[in-house]
Amino acid sequence: MAINWFKYSAPTTFYGLAGKLIPWFAVPAVILFAIGLYIGFAVAPIDATQGEYYRIIFIHVPASILSMFLYMIMAGYAALGLIFNTRLSAMMASAIAPTGALFAFISLWTGALWGKPTWGVWWLWDARMTSELILLFLYLGFIALHASIDDPRRADRASALLAIVGSVNVPIIYFSVKWWNTLHQGSTIKFTGTSMHVAMQQAMFTMFAACWLYAAAVVLMRVRSIILERERNTTWIAELPEVKR
Amino acid sequence: MGIELWMRENPMTYIWLGSYAVSMLVFAIEIVMVINRRKNTLNQIRMMRNSGDNE
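Chains as they are written, first to last, in the working numbering: chain A, 764 to 1008; chain B, -15 to 39.
Just so you know, not all the hints are guaranteed correct.
Under the rule of at most 30 Å between Cα atoms (straight-line distance), these lysine-lysine pairs were calculated in the DSSO-like manner [as the list claims (entries may be wrong)]:
#	chain 1	residue 1	chain 2	residue 2
1	B	K23	A	K879
2	A	K783	A	K941
3	A	K941	A	K879
4	A	K770	A	K783
5	B	K23	A	K941
6	A	K941	A	K770
7	A	K770	B	K23
So the derived label-pair ranges between C-beta atoms look like this [as the list claims (entries may be wrong)]:
#	chain 1	residue 1	chain 2	residue 2	range
8	B	V16	A	A811	37 to 45 Å
9	A	L903	B	G36	36 to 44 Å
10	B	A5	A	Q948	41 to 49 Å
11	B	R(-8)	A	A805	21 to 29 Å
12	B	M17	A	G956	39 to 47 Å
13	B	T(-3)	A	T997	48 to 56 Å
Covered stretches of chain A (chain B as the covering partner; in silico rule of three or more C-beta atoms under 8 Å from a C-beta of chain B) [claimed, not checked]:
#	segment
14	890 to 897
15	941 to 948
16	986 to 995
Since the hints were made in silico from the structure, they are not lab data. Beta carbons are placed, not taken as given, at the ideal position from N, Cα and C, and that holds for glycine.
Whenever a hint applies, use it, and build me the whole structure from the sequences.
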């Protein structure tokens, strides 16, 4: 059975689909958060050099990866909206930005909390940390620019340009530990393998999946509100059961 | 100096309160904001519809 994906690129059809998908992301997210925290705190052993403090990575690493991934997805949607003038793409980009910003904030915050007992400082102008801070500012810039323009379609185009230009920063964050001599450690998990304990890997991947599912659920929730706001003068919105109530 | 001593004596509390509690709080605030935004938008649309019906 062939699925017509273009059907879901229209806000009218995507609104209903997003509503149906939210519980499928939200419920597993809660379950995986609980499992991840259990493995991370009750099963994973103490690290030989960092002691208990390393347990911060179970939220720090997924938040950092997600902040970068979400930015690329946001920039992708923004580019689609700019090139094809599709309404839903721009709405998706706007819906992703706050969640991406929050993940960038959590990444920086938990990184500082890990840095203090490990390196002896909360913050350093290290290449990895500085580029992650720039990512947070790019998210905030995107949100602020979009909010500052009254016409939503013009706001979409202006903020899309910022998102596309800012995407240069994502590979800089990822490769910063290779390109520069940084205090921040390099990747522990590589395609060639890892030296991490199995329970630590399980905790991190479970938390990573939980964060992904959470992000998907909350972005879909937000995009439904954006669709309602933008399409409020249309007849299909007036016909919705939640509006008629 | 106080916080450094405290974090070394209570590493698990430091990790839980500092990282996980803050992250969960951030997620909770985001969820509340998203739910409120939807409620407000729906209310505005209903008000627009009602004012249109009255005219």
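So, going through the hints one by one against the coordinates:
1. B:K23 to A:K879: Status violated; Cα separation ~41 Å.
2. A:K783 to A:K941: 42 Å, violated
3. A:K941 to A:K879: 23 Å, holds
4. A:K770 to A:K783: Between K770 of chain A and K783 of chain A the Cα gap is close to 16 Å, so the pair holds against 30 Å.
5. B:K23 to A:K941: It is violated: about 47 Å lies between the C-alpha atoms, which goes past 30 Å.
6. A:K941 to A:K770: Given pair K941 of chain A, K770 of chain A is violated - Cα atoms ~43 Å apart, limit 30 Å.
7. A:K770 to B:K23: Roughly 27 Å between the alpha carbons, so the hint for K770 of chain A and K23 of chain B holds.
8. B:V16 to A:A811: 37 to 45 Å: 41 Å, holds
9. A:L903 to B:G36: 36 to 44 Å: 37 Å, holds
10. B:A5 to A:Q948: 41 to 49 Å: Once the Cβ atoms are compared, 25 Å apart, the range 41 to 49 Å for Q948 of chain A and A5 of chain B is violated.
11. B:R(-8) to A:A805: 21 to 29 Å: 22 Å, holds
12. B:M17 to A:G956: 39 to 47 Å: 41 Å, holds
13. B:T(-3) to A:T997: 48 to 56 Å: This hint holds: roughly 52 Å between Cβ atoms.
14. 890 to 897: Violated - the segment 890 to 897 of chain A has 0 residues with a Cβ nearer than 8 Å to chain B, which falls short of three.
15. 941 to 948: The restraint on the segment 941 to 948 of chain A is violated, since only 0 of its residues have a Cβ under 8 Å from chain B and three are required.
16. 986 to 995: Three-residue rule met by the segment 986 to 995 of chain A, so holds; n is 5.
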